[in-house]
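2 protein chains.
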Amino acid sequence: MEEPAAFLAGLGIECGPPREAPHPDDLALPAPRVTPPGALAHLCSSANWDRASHSYGKAFRDVVRGLRGELPHPPDLVVFPAGEQDVVDVLDWCARAAVAAVPYGGGSSVVGGVECAVGEKYAGVVSIDLARLDRVVEVDEMSRAARIQGGATGPGLEDQLRPRGLTLRHFPQSFEFSTLGGWLATRSAGHYATGPTHIDDFVESLRVVTPAGVAESRRVPASGAGPSPDRLFLGSEGVLGIITEAWVRVQRLPRFRGSAAVHFADFADGVAATRALAQSGLYPSNCRLLDAGEAAIAAGVNDGSHLLVVGFESADHPVRAEMERAAELCGDHGGVIPDGVRLRDAAEDPAPEQGPAERWRHSFLRAPYLRDALVRRGVVVETFETACTWDHFEELHHSVVGDVAAALAEISSGGWVTCRFTHLYPDGPAPYFTVLAPGVVGAELEIWDQVKAAAAEAILRAGGTITHHHAVGREHRPWYRRQAAEPFVAALRAAKEALDPQQVLNPGVLL
Amino acid sequence: MEEPAAFLAGLGIECGPPREAPHPDDLALPAPRVTPPGALAHLCSSANWDRASHSYGKAFRDVVRGLRGELPHPPDLVVFPAGEQDVVDVLDWCARAAVAAVPYGGGSSVVGGVECAVGEKYAGVVSIDLARLDRVVEVDEMSRAARIQGGATGPGLEDQLRPRGLTLRHFPQSFEFSTLGGWLATRSAGHYATGPTHIDDFVESLRVVTPAGVAESRRVPASGAGPSPDRLFLGSEGVLGIITEAWVRVQRLPRFRGSAAVHFADFADGVAATRALAQSGLYPSNCRLLDAGEAAIAAGVNDGSHLLVVGFESADHPVRAEMERAAELCGDHGGVIPDGVRLRDAAEDPAPEQGPAERWRHSFLRAPYLRDALVRRGVVVETFETACTWDHFEELHHSVVGDVAAALAEISSGGWVTCRFTHLYPDGPAPYFTVLAPGVVGAELEIWDQVKAAAAEAILRAGGTITHHHAVGREHRPWYRRQAAEPFVAALRAAKEALDPQQVLNPGVLL
Chain A
1 MEEPAAFLAG LGIECGPPRE APHPDDLALP APRVTPPGAL AHLCSSANWD
51 RASHSYGKAF RDVVRGLRGE LPHPPDLVVF PAGEQDVVDV LDWCARAAVA
101 AVPYGGGSSV VGGVECAVGE KYAGVVSIDL ARLDRVVEVD EMSRAARIQG
151 GATGPGLEDQ LRPRGLTLRH FPQSFEFSTL GGWLATRSAG HYATGPTHID
201 DFVESLRVVT PAGVAESRRV PASGAGPSPD RLFLGSEGVL GIITEAWVRV
251 QRLPRFRGSA AVHFADFADG VAATRALAQS GLYPSNCRLL DAGEAAIAAG
301 VNDGSHLLVV GFESADHPVR AEMERAAELC GDHGGVIPDG VRLRDAAEDP
351 APEQGPAERW RHSFLRAPYL RDALVRRGVV VETFETACTW DHFEELHHSV
401 VGDVAAALAE ISSGGWVTCR FTHLYPDGPA PYFTVLAPGV VGAELEIWDQ
451 VKAAAAEAIL RAGGTITHHH AVGREHRPWY RRQAAEPFVA ALRAAKEALD
501 PQQVLNPGVL L
Chain B
1 MEEPAAFLAG LGIECGPPRE APHPDDLALP APRVTPPGAL AHLCSSANWD
51 RASHSYGKAF RDVVRGLRGE LPHPPDLVVF PAGEQDVVDV LDWCARAAVA
101 AVPYGGGSSV VGGVECAVGE KYAGVVSIDL ARLDRVVEVD EMSRAARIQG
151 GATGPGLEDQ LRPRGLTLRH FPQSFEFSTL GGWLATRSAG HYATGPTHID
201 DFVESLRVVT PAGVAESRRV PASGAGPSPD RLFLGSEGVL GIITEAWVRV
251 QRLPRFRGSA AVHFADFADG VAATRALAQS GLYPSNCRLL DAGEAAIAAG
301 VNDGSHLLVV GFESADHPVR AEMERAAELC GDHGGVIPDG VRLRDAAEDP
351 APEQGPAERW RHSFLRAPYL RDALVRRGVV VETFETACTW DHFEELHHSV
401 VGDVAAALAE ISSGGWVTCR FTHLYPDGPA PYFTVLAPGV VGAELEIWDQ
451 VKAAAAEAIL RAGGTITHHH AVGREHRPWY RRQAAEPFVA ALRAAKEALD
501 PQQVLNPGVL L
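Chains A and B, in that order, are what the protein sequence lines are. Residue 1 is where the first sequence starts when you use this note's numbering, and the numbers rise one by one after that. Residue 1 is where the second sequence starts when you use this note's numbering, and the numbers rise one by one after that.
Keep in mind that the hints were calculated from the coordinates and are not lab data. Note that this is a predicted model, so its numbers are computed, not measured. Note that CB positions come from ideal geometry on N, CA and C, so glycine has one too. Among these hints, one or two may not hold up.
Unchecked claim - Covered stretches of chain B, going by a simulated chain A footprint (3 or more residues, C-beta under 8 angstroms):
no.	stretch
1	138-144
2	205-216
3	464-470
The following block holds chain A by itself, in its conformation from the complex (with noise of 0.2 angstroms):
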């Protein structure tokens, strides 16, 4: 990892000696409220590391309050079921004697999604841990699908299915610590740009754990019979069930590759480069647009060009024929490829490539870690996505980052707004916008609050939508209430109300 301080100063941004997050043992956290039943006492923990460890996810607000030693609303016990039947015990139980059950797959959520701070009209709140529930239980190899507990990570479902030559391809940013029980709750996006790339695009059924009872959705390809009932489970964030497991599709490891890094001088070109290879059926695996300062930080270009990250893969065919023309289609957009378009077939060339790509993809995946590293440092740093229309997006790049250095040099000193596209359609991009400022020590919440409202004004505004993959938890409530039309709210209201009658499951996020 780059040193945070060289990093920072690279940037012009001063920061402070890194801070050390308290010790969990150190905290002083409230006494549990509730005691399990004895049935269930065995999957329970009140230990001060896993009250702690369960308060937060991973948003920029998390880690600034973990250092700062505030959790005042651990959960009282954190459950870890061994299997469905101890999902719907606890669900139970929790219903029963009106205690709060917050789901939790790998806590990566930079929504507020697994945060138990519930109010006080429950009896207490338990966080409902899956890590158990971590096995690929059956892979179907003709149909290239398998059944998967809710509970298992992206690493670890994926060691499991390498032995078969296969791959779920399922790559969120959060992939290390993220399960699919959680990529399912909250619609995650995997990092190919285009096709399928979103987990809703992999589902043949879910089993969820409701407190109305179990819903298992029927395994088929494809379905017209009646609204998809795994649709009304993709996305509910926790707050309509449990997803103990699914089948999912799975494919076979990729052979062919092709890859170019495209630079272009104007925003603008790169933009409309983007817009023609989203729109020429060529599906892209990858498609990321980085603008000259996301191109500097993440991928060392330090011309000032925005740079156009393209690549394709397969693991059937070559991918000459596709590759040629994405260069073909940049180049008609003044793009210009200064390392050439490079291919290569795993089976006749197994060593990893190098170059802005790579160091993209490695930067892509240490990101968190420096995120970190940073806060630490008092700096405030966070990202934000929406997805819009091609018609929309020049008015809200304008506005996301004219309001976003506004607010900034409102209240901070300055601060630099970047972004790219993470995930493209044929009508418009996935725009993600990261921004890196000094932090006060004390304020960098305010400061991150007044940014972040800012953004998402512009964002709905503009024609945005308040999150395209990270979700809405208790963060974008708010802005979710204006973007959500009354009468689906109260559609969903009214199915939370016939499954969870005692809305126990995780209240205050989404609805």
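Put chain B on the given structure of chain A with help from the hints.
Showing chain B alone in chain A's frame:
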């Protein structure tokens, strides 16, 4: 159109002379039971023609009942709203006056989705025909999207898009007569085999009039904000609201095409080749496997071969590489291509092609007309469809064909059952079955009901879905109720109660 009698003689099926349907003016329909409020009167018709033509969809049982002049439950009135406010006003009146409201697009339902047999608890029933909401309201050429009213038919909306060089590229078999709103409400599947072909995949946002208010989703290319609001209405078959307009993705007209007609001596080899294609990541636009019976009937292949029609198309780039790889995969599984692979660039060669692939396409579009002509001669002819994972297909195919043949042998004097794949997924096919059998005048419906029940039981037993793209309607409800998980049905019922508290929308369908 082929002469029906000759067609049947070729199959060894005897038939009678064609029956004529009674003229609507000669039908003694029950008198309308309700009178619209004065402000809505100008939108309503109680003419025999309108009431009779809105009594049924286009299923076999609908054609038979129409021929018999059996229309015991016509709508009391047919309403033709001229705009969204009219839809709001009609639903308001229905809720106040306990009048059932049956949304009507093109009337092409084959599952009883537009019938007005709503039972005795309503004061009356109106069929709400959206034919006048038929406009492409707005086109965003940059984002390649269009805002289209729910009543626009396939040809109607394509005629409005074509001058811009755009197409929705959604071609269900009902294309000529069905509407965008109907496609959305029933999760229609277009005739492309892979890639974006379900209408679900084209939706940016919906506008839905519900008795609880208008639900409009935000127009964005993707959103991770909660469960998808659009997916609740997609497939809701008019029980939650009436879709008055949608923003949908459109595309440029295709220029490059490739196709091949691949012959297989063994059906299992054809299935294996089709699976290889579905799992290759090539995304063929056409990939229909026809068993020998279908190949003979629909594509004039008379040597007993099973036929795989495979094709690619693109508006952007030549499809040679994909087409050649597809041919190679077919060859790996014993497929032969007597006429070779055809590649075409419409810019150089605008003349339409001829060959088995084109014969199949012609036959696909002609089939509903032929079906009606056969029914008039007393033949039992109908189709049904499902989807299953690859590991279940062999058993499903064996069970369905065997059980349907057994039912036909028992209640009729034999007949034909054929199978093709209409859509493909990496994890399984959507098999589509056609039944052709001699009828017994007066007992056609009883014969069909027994065949259908045998087929549906075999499908559910072998792991299929009760419908892939024909929807649930009234016809599939008993099997839908067995397929859908009870907690999900409870959630859907609760959503309906929230949106349609008087339960006036399409009673008897789906729920």
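Problem set entry | Those earlier numbered hints the structure runs against, lowest number first | none
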